[in-house]
Each structure stands twice: as C-alpha cells, then as structure tokens.
Amino acid sequence: MDQRIISVLVENRPGVLARVSGMFSGRGFNIHSLTVAPTMDSSLSRMTIVSQGSEQIIEQIVKQLRSLVNVLKVQDLTATDYVERELVLIRVKAVDEKRAEALRITDIFRGKVVDVSRDTLTIEVSGTRGKIEAILQLMEPLGVQEMMSTGPVAIPRAAK
Amino acid sequence: MRRPGYYAVRTRPIEYCKDGGKKLKTNGAQILLHSLKREGVDTIFGFPGGSVIDVFDQLERNFAGDFKFILVRHEQAAVHAADGYARATGKPGVCLVTSGPGGTNTVTGIATAYMDSVPVVVFTGQVPTMLIGNDAFQEADIVGITRPCTKHNYLVGSVSELARTIKEAFTIATTGRPGPVLVDLPKDVIQAEDVFEYPESIHLPAYKPTVRPHKPSVKRAAELLEQAERPVIYAGGGVIIAGAHQELRELAEMGSFPVTMTLMGLGCFPGTHPLSLGMLGMHGVYRANMAVSDSDLLFAVGARFDDRVTGRVEEFAPKAKIIHVDVDPTSIRKNIEVDVPIVGDARHALADLLEVLREKGGLAHNSERLKPWHERITAWRSEQRLRFDRTADVIKPQYVVEKLYELTAGRAIITTEVGQNQMWAAQFYLFDEPRTFLTSGGLGTMGYGFPAAVGAQVAFPDKLVIDIAGDGSIQMNIQELATVAQYKLPVKIAILNNGYLGMVRQWQERFYGSVYAHTDITVAPDFVKLADAYGALGLRARTPDEVVPVIQQALETKGPVIMDFVVEREEGVYPMVPAGAPIKDMILI
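Chains as they are written, first to last, in the numbering used here: chain Z, 1 to 160; chain Y, 161 to 749.
Among the clues, some could well be false.
[Unchecked claim] Here are the in silico distance ranges between beta carbons for each label pair:
no. : chain 1 : residue 1 : chain 2 : residue 2 : range
1   : Z       : G15       : Y       : T370      : 56 to 62 Å
2   : Z       : T39       : Y       : Y358      : 28 to 34 Å
3   : Y       : D467      : Z       : E124      : 24 to 30 Å
4   : Z       : T39       : Y       : G317      : 52 to 58 Å
5   : Y       : P738      : Z       : E124      : 54 to 60 Å
6   : Y       : L364      : Z       : K112      : 32 to 38 Å
[Claimed, not checked] List of simulated lysine-lysine pairs, DSBU-like, C-alpha gap at most 30 Å:
no. : chain 1 : residue 1 : chain 2 : residue 2
7   : Y       : K494      : Y       : K368
8   : Y       : K481      : Z       : K63
9   : Z       : K63       : Y       : K185
10  : Y       : K251      : Z       : K63
11  : Y       : K718      : Z       : K73
[As the list claims (entries may be wrong)] Which stretches of chain Y does chain Z cover? Using the computed rule of at least three CB atoms under 8 Å from a CB of chain Z, they are:
no. : segment
12  : 303-310
13  : 364-374
14  : 551-562
Hints are computed from structural coordinates only; laboratory data are not their basis.
Glycine is no exception: its CB is placed at the ideal position from the N, C-alpha and C atoms.
So that you can see chain Y by itself, here it is in the shape it has in the complex (with noise of 0.2 Å):
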C-alpha cells in the first residue's frame, strides 16, 4: 500500500532555539538532545544511519560542546560502552544507533547488560511511523526484538511523548534493580515539532521497586548472625550496585564474617581483606566453596544463586541456614529455598541491618566465638591454594595476571573477555574497589571486554584500564581499534594467546575425550602487526622472562597497546567443579 504521508516529511534541518528550546518550537532530535542533557548525559556511543541522521545532524551543528560523543565501529560495541562507562561510573550509559541492522547489532549488548543488571539506555532510529509494518527499507522491530532483554522498552509514537518517554525509560534504567531500556525513535518522530517541555516527575503506576526492607526480617537476619557459628557472607553485583561496599565491609569487620564473591561482586570487599575468601562457584577458590559447603548461615547480599555459583542446587550450602537481601523480589526463591527473604536494597538492608546489631552490642564476642571457624578455613586454604606451575619455560596465562596485578599494584580498571582469560583474571587479580572489575558475567558475552574498557576509559581518561583478554574473544570486537585510535584513548589489551578457543578446549579435554572439535585457532593474525596497523603499539612476549618487560614497556606508553602474551597452549583453569555436581566436589591440580 501506497502512503504518501511519509514523503511529505521535512528533511531540511531547522535552526537551533537560543533559549534552550524553552516554549519555542524545537524538533523531536533537539528534544531529545535536551532531554539527555536534563538527565546529565555528557557521553554517547553510537553510530549513524538514516533513520537518525536528523539526530546527528543536531549534535553536531548545536550540541557538540554538551556531549562527548564516542563514534564506535560496530554498533553491539556501543553498547558494551555505554555498559562500561556505567558500570565504571555507577551513571547511565547511553547509545544511538539507527534503524534495522543498527538495532539488531546492540542486541548482544543489550542482552549481556540485562542480565548483569546494567543502566544502559539505548536509542534507536526506526523508519517513519507511516511505514511500520510495511517492511520498509532497514526496518526491523527492534522494540518486539529486544522485550525479552530489556528491563523495558518503548516505540514512540508522537514528539509529544518523546521528552516524558525519556524522562521514563532513565528513571527505570536507573531504579530498583538496573537494567537496559530502549527507546525506539520513528524518523517522523525525530522531525516533528513541538515545545520542549521535560517534565520534573513522571508518574509510574506499575513501577514501584522495594527499596527498604521489611524490619522484622532484618530483625529476623540479625538474630540469625548472632547466634551462627560458622557464618558466611555471600555478595555479589548488587553490593557494587546499590554502593553498598562500606556497609558490607563494616558488617564483615563487626561480626567477623568471611566473605566470599560472586564473579559479578569482585570488588565490592576488598580482596586482600583478611576476611575475603575469594571467589566462589566453579572456578572459585578451593576455601571459599568448602566454608559455603560447611557454613551454618549464608548471607546471600545482592547475588542470585545463579548455577555457575551453586553448581547442584540441592547441595548448596546443605547445612546452612540462609538469608537472602536482593532488590528484586523475583531472584527471591528463584533457586533455592530461603530462610529469611529480605526484599531492599543492599544498602539500605545493610545499613538497617548494622543499625539493629550495633543496638544490639555490636557483635561485640565474635571474633573470639568465630574463632574454630576462622581456623578451619585457614586450613582449607594451606591445604589448597589458587597456583600454578612457575618452573614453566612456557609462559603461564596466570603468570601474566599475576605479573599485571603486581605492576599495576591492583589500581587499574580491569575488563575481560569471555572463557579462561576471564576466569584467570577473576582468580589472580585481587580487587580492593568496587566499579574496577568488568565483565560479562550473566550473558558470558566474548567480545565484551575490548569495548567496555573503550567505555570505562572515556569515563576514566587518567585512569589505566585493562582488557584482559583471550585469542579467540579480543577477535569478536577488534574493529575497535580504531575507535581507540581516533580517540586516543590508552586502552591495555593484554591477549593470553593459546591458541585455541581455550575454555572450551579445556571442558573437550575433560568431558568430550580431548577432542577437539573446532577450538584450534592457530589461524589468527598476528596482532603485533595488527595494531601497528591501526596505529596502536604492538608489544609480544614468548617467555616468561619476557612478560615483566612487555607489561612495563606497555604500562609506560600513553597510548593503546596490545601484549601478545604467547602462553601455554594446554592450560586449564581450576579449581573446576563439573557442571551440575556439588561445588565441594572440585576438580583441583
């Protein structure tokens, strides 16, 4: 069917209103423009194309000095960006991408930022309102696409609604628990007309997330603390997300209680702590699977019971008691049975939490109560500690972690990709601060690290930020040398280099019969060469006594530099507990 409305819609771009947009007629791409500046937006990520290039068009001519904006090469790298920039700064990471392929490139990232709960708030162009349905050139329902991915999402439908859509999908991205919104933008919708007016509330009769907690149940938890005798803090991404690191190090500290991470929660307890146990799961360390197997209480803050942590479900933690703080009431009994739900905020739990137990003297016996406890687990760790083979004339891929954690004494923002290089950098990299570990722990996205450390160093330009990376994974987003390249941002890439898609070579190797079906990657450029080509520096390392040099030559540059840290090819990660068995049951080296 013909609809000639569309071609009546102006393309000529109208001049910008002085007053920043108040009570005069501005357009639907100013409006928007103005709305991200109501809500403190000063980066986005993105990438043009014809549905938006109305919105683009305004950003340069009128709002280039209101927003820092990051041309990336690929749109799914945009939004790993923007999810960097967030999770680094704890803010909203922003993106716009155009219609069609350009919506369906962020699915990847959107997906990997829901399920690890990140404020990303996508835009993208659609073709005119006249036109959906009619499998218009670059069309794609991208808000159909994404609803099982995002936190939610809107098509909008007129300018009139654009700013309070706006003002609405930031407040979700950003309240109870986070996640990504996306924000569908017909190109009619971009050019029409109207006042700008963003509104200062919006009301939202079906979103109301529980942010305090029930009192009897906190109540209920601080008696059930007191009395433990083998307790063991649990925390996860929710304590990094609700800024909840001082409350849970002052709990940890009044009642002595271990702590242990979840892959997501690295950092939000400092890992040189005393009391950190480390991570924990499946490739967790040896004495915090054994303490959580033993415990008498868990205290589950801001993680989700997720397989990967609990391995069988049913042998979690069989003799504890558990207590469990999470934002959102679904992850609740979602797994696992609990014993105290406690529905807020881990902050805010955390806070009422110390309240009632300082009221209540503090805890102030523990450290002598807890004392056969503590030596237990000081006994796990003698027995079996994270190492690897250091008389090695091939480098070890935790070697290099070792070695960057030591000559960056622990202060850089550390991303990952997906598989063994992830799992090393969890294991060998001890984090002391919440928002410096990124990575994809949920969605388990290869390709994830190289783009959001781009979003973490745009947010941080002084800050060292490195990609720790594998072979396989640092191939899935390297298009984004050049975005590092024309923004000069130094961005690390350390690349364990094995050869092999090496994770899953690994579970070929225990479980397939050491067949190796399709994980050999020996086939790869040569990324010394490749960065030299995108005017980065090229740095590799082939023996150990290489590795210190590299990182210190690569440390001391100012801008990009790939290590290529040619590592054995063969190495495993452990412990390694067997996907469905009892995380006590690990296999160790």
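Looking at chain Z on its own, in the form it has when it is part of the complex (with noise of 0.2 Å):
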C-alpha cells in the first residue's frame, strides 16, 4: 500500500483541524502526517494529508472529509502530477573527521546548516521524501541525535 498525498481546502474556523483528524481517528484510517497553514486567502486553509491504504480506503477518506461541512475541495494528488516539498532538520554528532564528512553530505543535498555545537551541527534539508530518506541514511553512521519533519506539503503541476 503505497502513501498517498491528499490535499484539503478547509475554511480556516476554530475545530476544523479536530474535524478532520477526528474523521480520520473515528473511522480507523492512518494519518502519516498532516501539515496545515492558511492560504493566500485568509479566510481558508490548506491540508496536505498524507495516508494511507486500499483504494476503496482511499476513496472513503476523500469522500468521508468532502462530507465535512468545512471542507470546501479534496484531491488525492497522488493520482495527478504534482509537486512535493518536505522540510527536515537534523540534528547529527559532527566531531573530529566526522564533522567534514557531515558538511559534505550537507553540502551535496543543498542543506544548510542552521545551528552548530561543539560536537553537532543541526542541518536544514528541504525536497522530497525520496530525497529526505536519501540524506538520513547517510548521516545515519555519523550519528543522528534528532530528526523533526513538517511532513510534504504539496501542490498539483501548473498546466502546461
């Protein structure tokens, strides 16, 4: 069961977020992560969903959210061409040798490093979940301490 990405515009009211996650905990579907903010227009927000499940799940967590009096447009982005960005700080043990090896990886990935310590740098690394998994597994021998994510965010292909 592959992850989905499954965008929702939401009026921006107080109990819209409890609304939406507790459709998800009240029926037993998965959320893997859920980013909220408002939109260009203040009066509306934007969800990125991630989840996931069988089609006919799927098909039930876009149709149970359009059911919700606050949702105003669900996509399920996975099945059109879109574009996803995920922002990760981590938080990896740099001494001695280990400090250059994590700057090059840092440097590679187009990360910045945004905190440094005696014995750790904490690195900013924006992309795709592709290429989040990619930068973790490398700094993983090195040692990583602390890892926060905002989860995707995501947005369809302009039409060409």
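Put the two chains together into one complex, using the hints given.
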C-alpha cells in the first residue's frame, strides 16, 4: 500500500482541524503526516495529509472529507502530476573528521547548517521524501541525534 | 485566572419587542426564539438549567403562544422525543437543554439520530464565553464531545452570529442526508443585545449535497432492470426520508419487482403488498434472505449495506449485479463493491428512473417474464414462514405483537425499544405507511422507544402511538411516565416482560453455552403499580387468553397505559443469522 498525498482545502475556523483529524481517528484511518496553514485567502486553510490504505480506503477518506461541512475541496494528488516538498531539521553528531563528512553530505544535498555546537551540527534540508530519506541514510552512520520533519506539502503541477 | 467581565453580564430579562423584534434591539434569547419561529418550529422538547434560564424566561413570558414546550424528565429523552417527532412528521425536531450535564445527557440521543439520519437541532446552554476553558460550573466541551456524532455543530461566539447560525443549523440538519446539528449557546451570547434580522438565504460554500442523480447512471440502471431475471429491490430508510414511497411502489409494480426492506425501511413499501418480501438481514424473513442471496440484480435504494443486513459481506448477493442509490456518497462502496452507483436522493433517482423506463415501454412484459422468479419466492415462503408455537399455555411475545397488529388494524404508530421486542415488532407488525415505525436501527439505543413515542404523540395527538418494549429497555427512560402524565399524552406501552435482557440471553444460549451472565432482571418494579404511581393505567396479562382483553381495554382508554405481558421467558427471535455468517445460513426453528 503506497502512501497517498491528499490535499484538502478547508475553511479557516476553530475546530476544523479537529473535525478532520477526528474523522480519521474515529473511522480508523491512518494519518502519516499532516500539515496545515492558511492560504493566500486567509479565510481558507490548506491541509496536506499523507495517508495510506487500499484503493477503497482512500476513496472513503476522500468522500468522508468531502462530507465535512467546512471542507471545500479534496484532491488525491497521487492520482495527478504534482510537486512535493518536505523540510527536515537533522541534528547530527559531528566531531573530528566526522564534521567534515557531515558538511560534505549537507553540501551534496544542498542543505544548510542552521545551528552548530562543539559536538553537533543541525542541518536544514528540503526536498521530496526520496531525497530526505537518502540524506538520512547517509547521515545515520555519523549518529543522528534528532530529526524533525514538517511532513510533505504538495501542489499539483500547473497546466503546461 | 479571574475574569471579572463575567460578573458585569446583566441577568435581568429585557422587555419583549412588540414588532417581532425587527429593527429593535432584542437579546439573544429572543433572537433564538424568533429564529425558531421563522423556521416553522412549533414544538420544543427540553429541560431547563442555569445557562439557558434566559431562554426559558422568554419562552414563558413572551413566546408561550408560539411554542408547545414539552418538559421531559431527562435530557436524553428530550432528544429521543425530538427524534420521534422528526421521524413521525418529517419535520426537524428541536431540543433545548442546559450546559454541562444537560448537554452530555443528550449525547446518546444525538448519536441515535446521527446513525439513523434524523434531522434534530439541539440547543445547549454554555457557560459565558469568558469562562470557557476554565472548568467552570456545569461546563463541558459539548461541541468537542458531539463532533463525531453530529452532522455538524456550532459554538456561537457572538450574538451577531446567532440568527445566521440557526439558519445554517436547520439547513444542514434537513438537507442532503439529514442528521443532528448541535448549537452551543454561551450565556453571555443569550443575554447580549442585537437587532434581529433573520437571513433569507445563507451561503455555505463547502456544503452542496447532490440531490439530482447523474442521468447516464440512471439509464444504465434502467437497462439492468430490464434484463434482470431474478431482481430484488432492497429499500432502506432513505426512501422514507426522501418521501419516495410512492415512486418506489410505482417502480415495483411496473416491473413486478419483489421488495425487501431494512429495519429502517419498514413502511416505505406496504408490508401487506403481494410484492413485499418483508425485512431482510440478521432476523430477516427466510424468503427475503434467500431471494437476495439468489438474485441476479439487487437494486439498493436509500440503504447502506449495514452489517446487520449483509452478514458476511463477501457472500451477500454473490450472484447479483448491484445498483446503489444513496444521497450520501460515503455510503457507496463503503461496505460493498457496486456496479452502478447513483448519488442522489431516492425520490429524484426513482422519478428519473421511472421516466426512463416509461420511455422504454414501461417493462410491459416483466410480470410474465419474472414468473419463474416469483414462483421460486413463493416456494421459499411455503418452506419457512415466520411462526411461533400457538398451542403454548404461556404468552408468546410474537402473539402479543400479532394481536396488537390485528386489533389496531395496522394503523398505529409503533415505536420500539431495542432487542427482541424490536425484532418481533419488525417481524409481526406489518407497516403499510411510511413514518409509522420508529426504531433505533443504527445505534440500537435501549430506552429510545418510550420518549420517541412521546415525540410522535405530541406531533399527532389523535393518533394511536404504541411503544413495543422489553422489561429491560423500558426501565432506561421510565421517568418519562411523568411527562406523559403532565401533558396527558395517551401513549400506550406494551411490555413484553420475560425477566431477561432477552436478546443478549438469546446470544448466550446460542453461542455462550447458556451461561446467562447478568441478563436475569427478574428484580423489577411491578409495572402495573408503577403505572398507577404515575397516574397511568396499568394492565397485566399472564395467560394467552388475557392478551386480547388487555389490548382492547388499553385501546379504549383515553390516557396513557402500560400493558405488562408476562411472556415466555426463553423465547428466541428467529430466523437468526449468526454475526459474520452469510445471510442464507439462517438458524431456523
């Protein structure tokens, strides 16, 4: 079962996030990640939800989301051509020669060092989930102390 | 943290504006009641409390002639009564209760209405906005609590939003797939002043239920109906909600289609009609379950393939192509794969379908063509009918329901509790009209039937309303005897008294080696004396020959009556499909 990215346009009102997340938990659907922020129109918010399930479950998720009174639009982006980005902060152990190695990897992935201490580097990287997984794999042997992710946000590609 | 603002709130009732509140300042309580008038509400079920005292004050002082207010004795019963009122009339039911426990007591009623798609609007009091989140006296986050069991709910943040919110609440409750909506009213909002202006229309950008079906799907359905050799119509509560019973009957008669109904669908097609197969499912009629299992086309309308209907879903109607009409897209393909999904309200869908079929010749040869199928169904009917031992010297509960049916000529509004009483009512009372059988199908709420009967009786003071109850269920809202006494509601209660929580006992007998764990409830009040204590008439029948006289006396009595039928203790409901088995695998007697 592949992960699916569902983009949900909602009214920006108190309780809407609870309605959406409550629908998932109440019906036993899975939320892998969820991001939410207002859109250009501040009366609306965009949620990007990553979930997984069979074709039938994803169809139910989409329909159930649409049935919520504050939900304007639901799109299963996985079915379309889209661009996705996720931002992670990685705190990696970096002493002696490992420091150079960590910086090299950061460079390759066009990451940025956003915090530094005697023993660690904190690195910001953004990209697709594939890219994030790749850098994490390379950093792992150095000793990743902590990792934080925004979860993906995604947008359909503009019509050419 | 101290929030002194609260104490500045004025508690003195303000004077009523004689012009109906227009252009003059009124308070939130008046705006609420004016808005309800504008929605055509004439009956409110409720229970007062500190947070809503201003509304009750207005109700008494200035709106007494506008609303019939029914003071129940427990808030759960207020919602069930509003629900019964809504199911019996088709109009939304309205409740008014206080904050905290007032609200939490409504939850079972709301969840009941939600599962059965009943339009109910519940107004709850709330602590003043300044105190929300402070764990104030009688504070509960009722919007949070009821979010998963309402169609939608609101916390009104300011008096300026009140009228619009009420309009939205009624719109959402009554359109598309109906359902309960809760509106939470902080005390300062109720007390604040504003101009009353009821919006003519509202804009709900994200709420657009699909009512009209997609034409090509309807055409495809018509083709399948023309070709089917073993068709069955499987009709549910959606037909009643949409008022599509006439269209359904027309379709069935046009094509000689046999019709089976869900528990919620009973009455959407005449139970006495030759094409009626009766109810299907776990305690369905043998021929209905067999016909569905053997059908080559299942036309589902306003039904949702609930597990109590389908049994093991993989083996439900295994040979059939399935057409599914439902106003709620989430119902389609939720439990079962369908061949022709039709999103739309049952009435529009059936009307469109009839039109297409008429253009194509109106299924002129169907009665001839389907003869072998009807012969097969008749054979199933003679193989196994609903039955019980008529020679017994104790009262059989089925006999009581049968006699109630005969002596009321099938004209009563029947409500039920939940369990064996409910199933026997569904099996042995034949419903010819929609909105005459009120039962908690989805949630299965014991204690529903009596307050629902109160609601139905308030809506139809001159109709005969009977709650078919068990001795367990009736005790879950027995306090409403005071309500029927107060408003002189002539509700009749028929208790099938077997001293057990009978349905659970039946499962224990069948599947748990007859260990009757905590289902013996022989310690119970004397229901005849109890009736007397509340000023109702109590009657008891202990032997079969006492049944008819007791029913007759009850029907001749103008006021409320409890009939206590002491029935066979260990009678079971049959046929029975064990949970998770295919519906053709019925345990018979």
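The hints, checked one at a time:
{"no.": "1", "hint": "G15(Z) <-> T370(Y): 56 to 62 Å", "in the structure": "violated (25 Å)"}
{"no.": "2", "hint": "T39(Z) <-> Y358(Y): 28 to 34 Å", "in the structure": "holds (32 Å)"}
{"no.": "3", "hint": "D467(Y) <-> E124(Z): 24 to 30 Å", "in the structure": "violated (50 Å)"}
{"no.": "4", "hint": "T39(Z) <-> G317(Y): 52 to 58 Å", "in the structure": "violated (22 Å)"}
{"no.": "5", "hint": "P738(Y) <-> E124(Z): 54 to 60 Å", "in the structure": "holds (59 Å)"}
{"no.": "6", "hint": "L364(Y) <-> K112(Z): 32 to 38 Å", "in the structure": "violated (45 Å)"}
{"no.": "7", "hint": "K494(Y) <-> K368(Y)", "in the structure": "holds (20 Å)"}
{"no.": "8", "hint": "K481(Y) <-> K63(Z)", "in the structure": "holds (23 Å)"}
{"no.": "9", "hint": "K63(Z) <-> K185(Y)", "in the structure": "violated (43 Å)"}
{"no.": "10", "hint": "K251(Y) <-> K63(Z)", "in the structure": "holds (27 Å)"}
{"no.": "11", "hint": "K718(Y) <-> K73(Z)", "in the structure": "violated (56 Å)"}
{"no.": "12", "hint": "303-310", "in the structure": "holds (count 4)"}
{"no.": "13", "hint": "364-374", "in the structure": "holds (count 4)"}
{"no.": "14", "hint": "551-562", "in the structure": "violated (count 0)"}
Violated hints for the displayed structure, listed by number in ascending order: 1, 3, 4, 6, 9, 11 and 14.
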